[in-house]
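**Student:** Sequence:
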Amino acid sequence: MPASEDQLKTWMVDGLNGDAAAYAALLKALVPTLRAFYRRRLGDEDAVEDLVQETLIAVHTRRMSYDRDRMFSAWMFAVARYKLVDHFRRRRQHCDLDGIDTLLAFEGFEEEANARMDVDALLVALPAKQASLIRKTRIDGQSVAEAAHEAGLGESDVKVSIHRGLKALAMRLRGGRG
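The sequence shown begins at 0 in numbering that gives the first Met the number 0 and counts up one residue at a time.
These are calculated hints, taken from the structure and not from any lab test. Heads up, a few of these hints could be off.
With a straight-line Cα cutoff of 25 Å, these simulated DSS-like cross-link-like pairs (lysine-lysine) come out [unchecked claim]: (1) 166 / 128; (2) 135 / 8; (3) 158 / 135; (4) 166 / 135.
Simulated DEER-style distance windows between Cβ atoms [said to hold, decoys possible]: (5) 119 / 142: 14 to 24 Å; (6) 66 / 17: 10 to 20 Å; (7) 162 / 12: 29 to 39 Å; (8) 1 / 60: 30 to 40 Å; (9) 23 / 173: 46 to 56 Å; (10) 31 / 62: 16 to 26 Å; (11) 150 / 91: 54 to 64 Å; (12) 89 / 166: 20 to 30 Å; (13) 30 / 127: 34 to 44 Å; (14) 174 / 45: 46 to 56 Å; (15) 3 / 171: 27 to 37 Å; (16) 142 / 49: 46 to 56 Å; (17) 1 / 158: 35 to 45 Å.
Note that the Cβ used here is the ideal one computed from N, Cα and C, for glycine as well.
Please construct the entire structure, taking both the sequences and the accompanying hints into account.
**Tutor:** What follows is the structure, given as structure tokens:
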């Protein structure tokens, strides 16, 4: 089973902070994902293995350009896409432009990345307390009691903050002021 986005990001950030074991775990976890990514696009198994290695090297050499506030998978698949384009250029291969979006898709992470960026953009407009509580309960799956305990608040305060925040978001999405 592939590692989750959260696990990959944790390994990457820990690796950037000097944890060699976490970084090694990240690179090891990327191999099957990258193989699958390239196999769906290429028929040449040797080219697949070459591209996996090139991508791992690129991830390593460009690791300092990774923004810790962004999704790791989106960044990694962007590196992989560039390596795939470079591969096509080297071989002077052409592909049908009608299928280019499918060819360069982020393997399901694109939708998740866009959704997460949309949610982040909406939540940033709310007061920090409301945004944090909505994220904890509606996105991260904590109960109201867990979020209240973690934030040092009463459960009713958490419920009211969430309600007000969601109401403001709904108004904003309808085009009103929130």
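**Student:** Could you check the structure against the hints above and give me the numbers of any it violates, in ascending order?
**Tutor:** 8, 12
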